[in-house]
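A.B. asks: So the protein sequences, as listed, match chains F and H. Just so you know, we're using our numbering here: the first sequence kicks off at 1 and counts up by one. Just so you know, we're using our numbering here: the second sequence kicks off at 1001 and counts up by one.
There's no promise every hint is true.
Here are the computed distance ranges between Cβ atoms for each label pair [said to hold, decoys possible]:
id, chain 1, residue 1, chain 2, residue 2, range
1, H, K1024, F, K81, 15 to 25 angstroms
2, H, K1014, F, I170, 56 to 66 angstroms
3, H, F1044, F, V273, 31 to 41 angstroms
4, H, I1033, F, F122, 23 to 33 angstroms
5, H, I1033, F, F174, 57 to 67 angstroms
6, H, I1057, F, K360, 38 to 48 angstroms
7, F, L261, H, K1022, 48 to 58 angstroms
8, F, P82, H, L1061, 23 to 33 angstroms
9, F, P82, H, D1050, 33 to 43 angstroms
10, F, V176, H, K1022, 50 to 60 angstroms
11, H, L1061, F, V347, 14 to 24 angstroms
12, H, I1057, F, S270, 28 to 38 angstroms
Restricting the straight-line Cα-Cα distance to at most 27 angstroms, the calculated cross-link-like pairs of lysine-lysine (DSSO-like) are [unchecked claim]:
id, chain 1, residue 1, chain 2, residue 2
13, F, K81, F, K360
14, F, K7, H, K1020
15, F, K257, F, K334
16, F, K81, F, K357
17, H, K1064, F, K334
18, F, K7, H, K1024
19, H, K1022, F, K7
20, F, K334, F, K186
21, H, K1056, F, K186
22, H, K1022, F, K85
23, F, K85, F, K7
24, H, K1014, H, K1024
25, H, K1024, F, K85
26, F, K85, F, K357
27, F, K7, H, K1014
28, H, K1056, F, K334
29, H, K1024, F, K81
30, F, K81, F, K361
31, F, K360, F, K85
32, H, K1026, H, K1014
33, H, K1026, F, K7
Examples of chain F residues toward chain H, derived with CB under 10 angstroms [what the hints assert, rightly or not]:
id, residue
34, T124
35, A129
36, I295
37, F299
38, S302
39, P310
40, V311
Think of the hints as simulated: they come from the structure by calculation, not from any bench. This one's a predicted model, so the numbers in the text were calculated from it and none came from an experiment. Cβ atoms here follow ideal geometry from the backbone N, Cα and C, with glycine treated the same way.
Chain by chain, the residues:
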Amino acid sequence: MLASRDKISVRQAIIFFLTIVHTSAIRLLPSNTAQVSQRAAWLTPLFTAVPFFILVLVIQQLFSRNRDVSLSDIITIVMGKPLGKVLLIIYLAWMLIYSGLYVRYFAEKFLTAMLPNSPLDFYTVTILAAVFYALRGGIVNFSRTVEFFFILTSTIFFLLFVLNIPNIEIINLFPVTHYDVWPIIKSCSFNLAIWTPFTFTFFFGDRINNKEHIRRYGIQGMVYLVVITSLMMIQTIGVYGYSVIQRISMPYIFTVKSVSLLKTIERIESIAVASWVVVDFSVISFYIYISVKIIKSIFSLSDEKLLLGPVTLISYVFSHYLASNRFELENFSKYISVWANIILGFVIPFIVLVVGKIRKKV
Amino acid sequence: MIVLLIFITVLSIKDAIALKSKIKMKDWVAYVIAIILAGIFIVFYISNPDRDSISKIVLSLVGKAV
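Here chain F stands alone, though its shape is the one from the complex:
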């Protein structure tokens, strides 16, 4: 099939997904998994690969018959118009809340890590203005930029990991016994929730070419995620131990602060913070773009560009109205967004596939 120029490839879509996983993995994963599976938490990504592989197969199956449509269209085709629209409205509400959540986290990260006395609005307005301006250029240009961001953030991540190796203590990661299997399985929920934006990526499936390769690139992405999240856990838990990591809110930055290069160059966490800016920029754009695409599907519109303005403004309001402090924000992520993500990103696509197979629509 000839690739359309106004579309991105599956590879680019997966890279977009992999880039946005960085931010939530850094923020949520080490402390939450350390609370449940303690020193064996670094094995959680390996166990999460199983449900994620099933998710990849489910998405591949959903697009087996209808290749030029988005996930919104498939939901409407399979579930029928009334139920399909209701599901899409639920997805839309969640995507708007999620975009607000990431805008707020972006601001909170700076307020906590670097500039505690600056106004919240400074960060929220700046990032949303940048996102709005960038998204007007279209998903093709944006995905190319994200590819560069992906290489940049991955390189920084691996570099910081290598520099942190001398601080890792094996006693913090071992022993792991068969008694750790159940806690690891329980902590998989956090990891799976972080990986479910894979499903959301296909809300702009109508702008993705060669969807017959979803499985191939999905598995490659899965391997990357297993490696990168395992290394993140090894880095955080390996340096300070699970008992410290489970008690602090941003363990990764705390660990990176311990890096010292030849005992002369220190405080290189600013490199990590700089890479977060580009990752957060990508993730906020991702959710705003998906919101716009879902609105386009619900109302069967011809162009989504005009809707970027109102959606960006709603995202701004949600970023302020979502939580009154960082504590509420973290509790919301831990108790609500984990399960909402699993339901919307994993359970519903599976139900849609089963219904689609019964009704012979997919």
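Position chain H relative to chain F; hints supplied.
C.D. replies: Here is chain H on its own, set in the frame of chain F:
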């Protein structure tokens, strides 16, 4: 917020002029509804920024409020 509002308004007008011939009446209606909705959210937020947050409401519903 005013800065963001002005920035978005100016660029949206620019986009609307550029897309004038391409987009249909239905798109304009959806756009106006979305703008009104965004306006309602903004007014709702500005009228009392200290009201209970979404997180607080949802967490209290599931019994996890602090």
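A.B. asks: Could you run down the list of hints and mark each one as holding or not?
C.D. replies: Hints versus structure:
1. Separation of K1024 of chain H from K81 of chain F is about 20 angstroms and conforms to the stated range, judged on CB atoms against 15 to 25 angstroms.
2. For the hinted restraint 56 to 66 angstroms between K1014 of chain H and I170 of chain F, the CB-CB distance of approximately 59 angstroms keeps it satisfied.
3. In this structure, F1044 of chain H and V273 of chain F meet the distance hint of 31 to 41 angstroms, their C-beta atoms being roughly 33 angstroms apart.
4. Checking the proposed 23 to 33 angstroms range against I1033 of chain H and F122 of chain F shows it holds: the Cβ atoms sit about 31 angstroms from each other.
5. In this structure, I1033 of chain H and F174 of chain F meet the distance hint of 57 to 67 angstroms, their C-beta atoms being roughly 58 angstroms apart.
6. Checking the proposed 38 to 48 angstroms range against I1057 of chain H and K360 of chain F shows it holds: the Cβ atoms sit about 42 angstroms from each other.
7. Range check, L261 of chain F to K1022 of chain H: about 54 angstroms between beta-carbon atoms, so the 48 to 58 angstroms window is met.
8. Taking 23 to 33 angstroms as the suggested C-beta distance range, the pair P82 of chain F and L1061 of chain H conforms, at roughly 26 angstroms.
9. For P82 of chain F paired with D1050 of chain H, a C-beta distance near 39 angstroms keeps the hint of 33 to 43 angstroms intact.
10. Distance hint for V176 of chain F and K1022 of chain H: a CB-CB separation of about 59 angstroms, consistent with the stated range 50 to 60 angstroms.
11. Hint check: L1061 of chain H to V347 of chain F, Cβ distance near 20 angstroms, so the stated range 14 to 24 angstroms holds.
12. About 37 angstroms separates the C-beta atoms of I1057 of chain H and S270 of chain F, a value consistent with the hinted range of 28 to 38 angstroms.
13. Pair hint K81 of chain F plus K360 of chain F holds up; C-alpha atoms about 16 angstroms apart against a cutoff of 27 angstroms.
14. This hinted pair checks out: K7 of chain F and K1020 of chain H have alpha carbons roughly 23 angstroms apart, not beyond 27 angstroms.
15. Annotation: proposed proximity of K257 of chain F to K334 of chain F holds, straight-line Cα distance about 25 angstroms (limit 27 angstroms).
16. For the given pair, K81 of chain F sits about 17 angstroms from K357 of chain F by alpha-carbon distance, which is consistent with the 27 angstroms threshold.
17. The straight-line distance between the Cα atoms of K1064 of chain H and K334 of chain F is roughly 10 angstroms, inside the 27 angstroms bound, and the hint therefore holds.
18. As the CA atoms of K7 of chain F and K1024 of chain H are separated by approximately 22 angstroms, the hinted pair is consistent with the 27 angstroms bound.
19. Proximity of K1022 of chain H to K7 of chain F is assessed by CA-CA distance (about 19 angstroms); at most 27 angstroms being required, the pair is judged to hold.
20. As the CA atoms of K334 of chain F and K186 of chain F are separated by approximately 14 angstroms, the hinted pair is consistent with the 27 angstroms bound.
21. For the hint linking K1056 of chain H to K186 of chain F, the alpha-carbon distance of about 26 angstroms falls within 27 angstroms, and the restraint holds.
22. Taken as a hint, the K1022 of chain H and K85 of chain F pair is honoured in the structure, with Cα atoms around 26 angstroms apart against an allowance of 27 angstroms.
23. Pair hint K85 of chain F plus K7 of chain F holds up; C-alpha atoms about 25 angstroms apart against a cutoff of 27 angstroms.
24. At most 27 angstroms may separate the alpha-carbon atoms for a hinted pair to count; K1014 of chain H and K1024 of chain H meet this at roughly 17 angstroms.
25. For the hint pairing K1024 of chain H with K85 of chain F, the CA-to-CA distance comes to about 21 angstroms; that is within 27 angstroms, so the pair holds.
26. A hinted pair counts as satisfied when its Cα atoms are at most 27 angstroms apart, and K85 of chain F with K357 of chain F qualifies at roughly 20 angstroms.
27. Distance hint between K7 of chain F and K1014 of chain H is fulfilled; the C-alpha atoms sit about 24 angstroms from each other, no more than 27 angstroms.
28. About 13 angstroms separates the Cα atoms of K1056 of chain H and K334 of chain F, which keeps this hinted pair within 27 angstroms; it holds.
29. Proximity of K1024 of chain H to K81 of chain F is assessed by CA-CA distance (about 22 angstroms); at most 27 angstroms being required, the pair is judged to hold.
30. Between K81 of chain F and K361 of chain F the CA atoms are separated by roughly 14 angstroms; this keeps the pair inside 27 angstroms, and the hint holds.
31. For the hint pairing K360 of chain F with K85 of chain F, the CA-to-CA distance comes to about 20 angstroms; that is within 27 angstroms, so the pair holds.
32. About 19 angstroms separates the Cα atoms of K1026 of chain H and K1014 of chain H, which keeps this hinted pair within 27 angstroms; it holds.
33. Of the pairs offered as hints, the one joining K1026 of chain H and K7 of chain F holds, with about 24 angstroms between alpha carbons and a cut-off of 27 angstroms not exceeded.
34. Interface restraint check: T124 of chain F against chain H, minimum CB-CB distance 8 angstroms, threshold 10 angstroms, status holds.
35. The criterion of a C-beta within 10 angstroms of any C-beta in chain H is met by A129 of chain F, whose closest approach is roughly 5 angstroms, and the hint holds.
36. Given hint, I295 of chain F at the interface with chain H, holds; its Cβ is 7 angstroms from that chain's nearest Cβ, closer than 10 angstroms.
37. Taking 10 angstroms as the C-beta contact cut-off toward chain H, the hint placing F299 of chain F at the interface holds, the least distance being around 5 angstroms.
38. For S302 of chain F, the suggested interface contact is upheld, since its CB lies about 6 angstroms from the closest CB of chain H, less than 10 angstroms.
39. Against a cut-off of 10 angstroms between C-beta atoms, the interface hint on P310 of chain F holds, since the closest Cβ of chain H lies about 4 angstroms away.
40. The criterion of a C-beta within 10 angstroms of any C-beta in chain H is met by V311 of chain F, whose closest approach is roughly 7 angstroms, and the hint holds.
The structure fails none of the hints (numbered hints given earlier).
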